[in-house]
Amino acid sequence: MRFALASLRPEFDFEALARQAAETLTELAWIRACALRGGPVPVETSVEGMGRIGSDGSLLWGMSFCGTLVVKIALHRAGVPLVHLSAAGHGAAHPPTRLGLRIVSPLYCRAENRFLRERVVIPEDGSLGYLRTLMDRLRSGAPVYIAGERRAPRRNTSALCLGRPTLFARGAPGLAHRSGVPLLPVTVYRVRPLHYRVVVEPPLDSAAAPGVDDGPTLDRDAFVADAIRAFADRVSHNVLEHPADWDWYRHTVPEWEKHAREVE
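Numbered by the numbering used here, the letters in the sequence shown go through residues -14 to 249 in order.
In short, the hints are calculated from the structure, not lab data.
Just so you know, these numbers come straight off a predicted model, no measurement behind them.
Any given hint might turn out to be false.
[What the hints assert, rightly or not] Okay, the calculated beta carbon distance ranges per label pair:
no., residue 1, residue 2, range
1, S(-8), A18, 32 to 40 Å
2, L84, A14, 35 to 43 Å
3, G148, P25, 21 to 29 Å
4, V106, S(-8), 16 to 24 Å
5, D(-2), P138, 18 to 26 Å
6, A(-9), R124, 42 to 50 Å
[Stated by the list, open to error] Below, in silico cross-link-like pairs of lysine to any residue (SDA-like), each with a Cα-Cα straight-line distance of 20 Å or less:
no., residue 1, residue 2
7, K243, A14
8, K243, I88
9, K243, M(-14)
10, K243, S(-8)
11, K243, T142
12, K243, L10
13, K243, L145
14, K243, E103
15, K243, H227
16, K243, P150
17, K243, D(-2)
18, K243, R135
19, K243, D110
20, K243, S143
21, K243, L84
22, K243, G148
23, K243, P178
24, K243, L152
25, K243, L(-10)
26, K243, H79
27, K243, R102
Even glycine gets a Cβ: it sits at the ideal position worked out from N, Cα and C.
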């Protein structure tokens, strides 16, 4: 956290933020254990921006704040029949091991599945049939959720996040361009112990292109690059506002440190 933010916010008390982050991680693990048992999950949730999720399909582009479960609980309680895209091995360490794929990931997913309408999985072999499924769901008016701070095995686009070059997968904005649905960033904040707020943010400006039937106004690559830059800006802003809630330090900081060594 200090490596990522000290140059931008030297006034932050990083030891206090680290303690807060550790407390949140412990709490989220307990929430997941409660969900896994199948009973009530004793966590308060609220959702801001529900009116932005339309009945004609929406693509929710999730930021990595406060784990992967609370956002699903909150949207489920708010009546959103969420279709979630996840990789094979969701919840397991990367690269996934046999133990992770056979035991860890199924348990991790089981805690989430009762809060979803459907989980669509990117297969291990990288085949693209899941994209047809997502297009079908969007055309039927379903809201689809895709995590944002991820790198794809193949094509990625670089954008500045917290002032550093960072690679982002192109799937969510590419799907929004093809389908014409709004691209809505989503984030989660811890308000107080066992109380979380989900925010469905205004659509990214790039998502104003008309649907596929009308012909997009932007070239696909330009649309995707523009959307990723806008998303990275939103992530940066939200991390600086809620630094203890961001989960992605452990993935981005090693890459940034490696890049810094190479530049030196």
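Okay, the hints, checked on the actual structure:
The given range of 32 to 40 Å is respected by S(-8) and A18, whose C-beta atoms sit roughly 37 Å from each other. For L84 and A14, the hinted distance range of 35 to 43 Å is not satisfied, since their beta carbons lie about 19 Å from each other. Remark: the range hint 21 to 29 Å for G148 to P25 is contradicted by a beta-carbon distance near 43 Å. Judged by the Cβ atoms, the range 16 to 24 Å given for V106 and S(-8) is violated: they are separated by roughly 39 Å.
Restraint check, D(-2) to P138: a C-beta distance of roughly 38 Å breaks the suggested window 18 to 26 Å. Roughly 46 Å separates the CB atoms of A(-9) and R124, a value that falls within the hinted 42 to 50 Å. The suggested pairing of K243 with A14 is violated, with an alpha-carbon distance near 30 Å, which exceeds 20 Å. Restraint check: the Cα-Cα separation between K243 and I88 comes to about 32 Å, which exceeds 20 Å; the hinted pair is violated.
Restraint check for K243 and M(-14): satisfied, since their Cα atoms lie roughly 15 Å apart, inside the 20 Å limit. Distance restraint check for K243 and S(-8): the Cα-Cα separation of roughly 17 Å lies within the 20 Å cut-off, and the hinted pair is therefore satisfied. A distance of roughly 18 Å separates the Cα atoms of K243 and T142; the hinted pair therefore holds under the 20 Å criterion. Distance hint between K243 and L10 is unfulfilled; the C-alpha atoms sit about 26 Å from each other, more than 20 Å.
Annotation: proposed proximity of K243 to L145 holds, straight-line Cα distance about 16 Å (limit 20 Å). Proposed proximity of K243 and E103 is contradicted: the alpha carbons are some 38 Å apart, above 20 Å. The hinted pair formed by K243 and H227 fails the criterion: a straight-line CA distance of about 25 Å is larger than 20 Å. With a C-alpha separation of about 12 Å, the suggested pairing of K243 with P150 holds against the 20 Å cut-off.
In summary, the hint linking K243 to D(-2) is not supported, as the alpha carbons are separated by about 25 Å, beyond the 20 Å threshold. For the hint pairing K243 with R135, the CA-to-CA distance comes to about 18 Å; that is within 20 Å, so the pair holds. Proposed proximity of K243 and D110 is contradicted: the alpha carbons are some 29 Å apart, above 20 Å. A threshold of 20 Å between alpha carbons decides the hint, and for K243 with S143 the separation of about 16 Å falls inside it, so the pair holds.
Our distance criterion of 20 Å between C-alpha atoms is broken by K243 and L84, whose separation comes to about 29 Å. Note on K243 and G148: the hinted pairing holds, with a Cα-Cα distance of about 15 Å set against a maximum of 20 Å. For a cut-off of 20 Å, the pair hint linking K243 to P178 is broken: about 35 Å separates their Cα positions. Our distance criterion of 20 Å between C-alpha atoms is met by K243 and L152, whose separation comes to about 14 Å.
With a CA separation close to 16 Å, the supplied pair K243 and L(-10) stays within the 20 Å bound. The hinted pair formed by K243 and H79 meets the criterion: a straight-line CA distance of about 18 Å does not exceed 20 Å. Distance restraint check for K243 and R102: the Cα-Cα separation of roughly 40 Å exceeds the 20 Å cut-off, and the hinted pair is therefore not satisfied.
Of the numbered hints listed earlier, those contradicted by the structure are 2, 3, 4, 5, 7, 8, 12, 14, 15, 17, 19, 21, 23 and 27.
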